[in-house]
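Make a model of the complete structure from these sequences and hints.
Residue numbers (our numbering), protein chains in the order written: chain A, 1 to 300; chain B, 301 to 933.
Quick caveat, the hints were computed from the structure, so don't treat them as lab data. All figures in this text were calculated on a predicted structure; none of them were measured in a lab. Built from N, CA and C at the ideal position, the CB exists for glycine as well. The hints are all genuine.
Short, incomplete list of chain B residues facing chain A, as computed with Cβ under 10 Å:
1. Tyr538
2. Val600
3. Ser705
4. Phe709
5. Phe717
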Amino acid sequence: MHIPSHLEQLEAESIFIMREVAAQFERPVLMYSVGKDSSCLLRLAQKAFYPGKIPFTFLHVDTSYKFPEMYEFRDRTVKDLGVQLIVHRNEPALKDDANPYALGTQRCCALLKTGALLEALAKHEFDAAIGGARREEERSRAKERVFSFRDKHGQWDPKSQRPELWNLYNGRLGKGESMRVFPLSNWTEQDIWHYILQEQIPIVPLYYAKKRKMVVRGNMLIPVMESDPRTFQGHRVEEVMCRFRSLGCYHCTGAVRSEADTLEKIVSEMTQVTTSERATRIIDFDTDGSMEIKKREGYF
Amino acid sequence: MSPKKQAEAAGSHLSILRFSTAGSVDDGKSTLIGRLLHDSGNVYEDHLAALEASAKKSGSERVSLALLTDGLKAEREQGITIDVAYRYFSTPRRRFILADSPGHVQYTRNMATGASTVDLTIVLVDARSGIIEQTKRHAFIAALLGVPRLVLAVNKMDLVGYAEERFQDIVADFTEFSAKLGVREITFIPVSALEGDNVVERSGKMPWYSGQTVLEHLESVYIAGDQNLVDFRFPVQYVLNPSQNFRGYAGTVSSGVIRVGEEVVVLPSLRRSKVKAIVSAGDQMCGLQKSEASSRDAVVLQLEHQLDISRGDMLVRPKNMPRVATNFDAMVVWLGDAPMDPSVRYIIRHSTRESKALVTGIDYRIDIHTLGRSDPLPLQGNEIGRVSVATTTPLFVDPYQKNRSTGNFILVDPVTFLTVGAGMVIDRARSEDDADIGGNLHQEAALVTDREREARSGRKAVTVWMTGLSGSGKSTIAKGVERALFDDQVPVFYLDGDNLRHGLNKGLGFSREDRSENLRRAAEVAALMNRAGVSVICAFISPYAEDRVRAREIIGHERFLEVHVDAPLSICEARDPHGLYGKARSGEIKNFTGVSDPYEAPEAPSLRIRTASQPVDQSVAEIVSLVLRSSTV
Numbered sequence: 001m002h003i004p005s006h007l008e009q010l011e012a013e014s015i016f017i018m019r020e021v022a023a024q025f026e027r028p029v030l031m032y033s034v035g036k037d038s039s040c041l042l043r044l045a046q047k048a049f050y051p052g053k054i055p056f057t058f059l060h061v062d063t064s065y066k067f068p069e070m071y072e073f074r075d076r077t078v079k080d081l082g083v084q085l086i087v088h089r090n091e092p093a094l095k096d097d098a099n100p101y102a103l104g105t106q107r108c109c110a111l112l113k114t115g116a117l118l119e120a121l122a123k124h125e126f127d128a129a130i131g132g133a134r135r136e137e138e139r140s141r142a143k144e145r146v147f148s149f150r151d152k153h154g155q156w157d158p159k160s161q162r163p164e165l166w167n168l169y170n171g172r173l174g175k176g177e178s179m180r181v182f183p184l185s186n187w188t189e190q191d192i193w194h195y196i197l198q199e200q201i202p203i204v205p206l207y208y209a210k211k212r213k214m215v216v217r218g219n220m221l222i223p224v225m226e227s228d229p230r231t232f233q234g235h236r237v238e239e240v241m242c243r244f245r246s247l248g249c250y251h252c253t254g255a256v257r258s259e260a261d262t263l264e265k266i267v268s269e270m271t272q273v274t275t276s277e278r279a280t281r282i283i284d285f286d287t288d289g290s291m292e293i294k295k296r297e298g299y300f
Numbered sequence: 301m302s303p304k305k306q307a308e309a310a311g312s313h314l315s316i317l318r319f320s321t322a323g324s325v326d327d328g329k330s331t332l333i334g335r336l337l338h339d340s341g342n343v344y345e346d347h348l349a350a351l352e353a354s355a356k357k358s359g360s361e362r363v364s365l366a367l368l369t370d371g372l373k374a375e376r377e378q379g380i381t382i383d384v385a386y387r388y389f390s391t392p393r394r395r396f397i398l399a400d401s402p403g404h405v406q407y408t409r410n411m412a413t414g415a416s417t418v419d420l421t422i423v424l425v426d427a428r429s430g431i432i433e434q435t436k437r438h439a440f441i442a443a444l445l446g447v448p449r450l451v452l453a454v455n456k457m458d459l460v461g462y463a464e465e466r467f468q469d470i471v472a473d474f475t476e477f478s479a480k481l482g483v484r485e486i487t488f489i490p491v492s493a494l495e496g497d498n499v500v501e502r503s504g505k506m507p508w509y510s511g512q513t514v515l516e517h518l519e520s521v522y523i524a525g526d527q528n529l530v531d532f533r534f535p536v537q538y539v540l541n542p543s544q545n546f547r548g549y550a551g552t553v554s555s556g557v558i559r560v561g562e563e564v565v566v567l568p569s570l571r572r573s574k575v576k577a578i579v580s581a582g583d584q585m586c587g588l589q590k591s592e593a594s595s596r597d598a599v600v601l602q603l604e605h606q607l608d609i610s611r612g613d614m615l616v617r618p619k620n621m622p623r624v625a626t627n628f629d630a631m632v633v634w635l636g637d638a639p640m641d642p643s644v645r646y647i648i649r650h651s652t653r654e655s656k657a658l659v660t661g662i663d664y665r666i667d668i669h670t671l672g673r674s675d676p677l678p679l680q681g682n683e684i685g686r687v688s689v690a691t692t693t694p695l696f697v698d699p700y701q702k703n704r705s706t707g708n709f710i711l712v713d714p715v716t717f718l719t720v721g722a723g724m725v726i727d728r729a730r731s732e733d734d735a736d737i738g739g740n741l742h743q744e745a746a747l748v749t750d751r752e753r754e755a756r757s758g759r760k761a762v763t764v765w766m767t768g769l770s771g772s773g774k775s776t777i778a779k780g781v782e783r784a785l786f787d788d789q790v791p792v793f794y795l796d797g798d799n800l801r802h803g804l805n806k807g808l809g810f811s812r813e814d815r816s817e818n819l820r821r822a823a824e825v826a827a828l829m830n831r832a833g834v835s836v837i838c839a840f841i842s843p844y845a846e847d848r849v850r851a852r853e854i855i856g857h858e859r860f861l862e863v864h865v866d867a868p869l870s871i872c873e874a875r876d877p878h879g880l881y882g883k884a885r886s887g888e889i890k891n892f893t894g895v896s897d898p899y900e901a902p903e904a905p906s907l908r909i910r911t912a913s914q915p916v917d918q919s920v921a922e923i924v925s926l927v928l929r930s931s932t933v
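Listed below in structure tokens is the structure:
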């Protein structure tokens, strides 16, 4: 008898959740955000329905401020898999030049991420949205359900969440209500990297260390975008050997100093790491409990 | 080195221990968890820095490790946690998932939720107060949820002078209490979470204790034996049918083991086949063929025969089947804010199957303070009790004690869709109304088949199920149909509700449950007569759609003809052949359909007869014609 390792157990659990979504909902969508967690979600979805096709539409909520490498990777992945991808942007806000310099990261996120996401979900009448969030990522997510209930306004109320016992997921919904589903709930950042290594899953090259142009502010490395002078104007630009631990919008994503330019090196770097993954996200520094405020409003 | 080997070298091969903690803030539970995370090197520097900052803000000298586990902002402000939070940490020996289910309010519900998936529960005891009511409650809930092992962490040993005697007293007290719980394994550890004694590091202050620290125990406790590898259960989760030449059943093995070539039985159809292939995308991508699937594996099974199988069916072995039951007893933890309502038909979810369920009886409630039994009143939020459940379609259940994965279910409110109950099936002697699947199988082996009987008689027997209000004309028409078919040489029998109540259904009243049972038995009789070749005319008010759905399932879709005898209430009441409406209006008869109980009209009956506007002869003729058309082989 083979005793499953923790990675095998996590994989089986996630596959089970994916299949529950396919079985319980009429219009499920997979939130594809191009990062490493999304890459794992994709692989798990492939496995869950193999040899069939993934029965989900893909949705990318695009702020327009992602790294060019992310757009390239996204388009290539979608083409290789042959899946249907919907890209949704909050066009009116972008027309008004919404950006974090003018609005602050809170407001900017509210418009370009939360707003755009809710708009897209409503527009396409998706009843379930699969996301790659992990409970370990951030304190307020520690009590997030696997099937996370959202009311008619897409809002999350910690008190209206349904108890989840065993592996019985209650996906029943009233009109206009929806579910966010997190198959990676029990995965840690380390698990993600182990899985990417074990399965040789393609990821955006930004995760690998390379010399990149950065503005160095304290121990934060803020990426320099040639296309957007605001990212470097008035600052000294340095070439730093670094990589990204998590990916978001280039204004708000810090890099970490690293020599890890292969998967093996990243995995071994991860075993030594002493700061949390979100420490590199400038978004979380706004206010104490900022992620929780975003979540209540409908952010993933 | 292969990628898999590389990942293993980095620790991907470790096993997971899932555990929960029970105890209140006063017992130092949050401190214990904080200590566990901190001393095992599982706290990130930026998180620690945030704690130090908030300690400084509140003017406290010492960083409060308890704050590490507090999640939401509102809760942090109130100083209490009110839900289940999950923590993840690892050591070089194992990965850990901790279900932290704290809080004074909603305690039972949160703890039950946390305990439902864990391999071990740590119960915290304050060394000063010893085993108190709350300790017993926590241990009881863990035992109820089938947690195989407990750790009793006797905390605050620093406050009792690290005295061995105090510890031994507590051990003796708890050992005596826990004999009744049936927990397989209990470990006692003296600790001080605040000082860090025996949490991760061994304590120098308790030389009399030679056992393991909490972390050492968590790292080494043997859990692989918990899996039920005997009883193969495979709930079909999703049918994969991507092309003409591939049909597979996706699901996760609940328990047991299955190999390619082995025989399986499909529930509820009882069809048999053999496993043709076990498809696992991971192996397939590496060019491997899987020959075996065991408990917790997410796979796709292909069978040798083309069978009609859908989500909610279950594949099992011919000689090892679960109970196929519509009635069972269970311990239920009530999660809802509104109390349990015996008149509500809850949605029940069991494995991948869904049905409707009534709580037909409450044997007793558990008094959570004394753990004794109290009055059998409907359960309120956070109460636990033993109840009887009746479902409209059969579920494939095992006793929870024997099989944690197929012995559990949840109840969902049909209006709010909230999860309101969590149940654990209890083993009880099979009552006569539970289909004994083994018996059915022997019947299958009978030498005369239904088909042969039909071939000889030249027709298929059917059941006409007439539903409608009292006084709508059912009996009159039914008798007419029986006469006409009999004269036409059709073997036929009229099954009258009142007549059945004199014999087979003697003792059943008119409560919701009794009516339901009355109809179930009638359906079983009709099914038997049909199989014997006799068509049956049933005339029952049968007001609930659900009961009729169940009758249809018992009798079989191909034999069941639903006829709605439709007449307006005012006309039925004016006819009132037995004077019942009068009594119902005056309150002499309770639960009278149309007056004090609802009638759910069929949405799509095989035939709808409006007796207010057509003569009896015509109604009879329409039904006779329906029967003759449907019984042609």
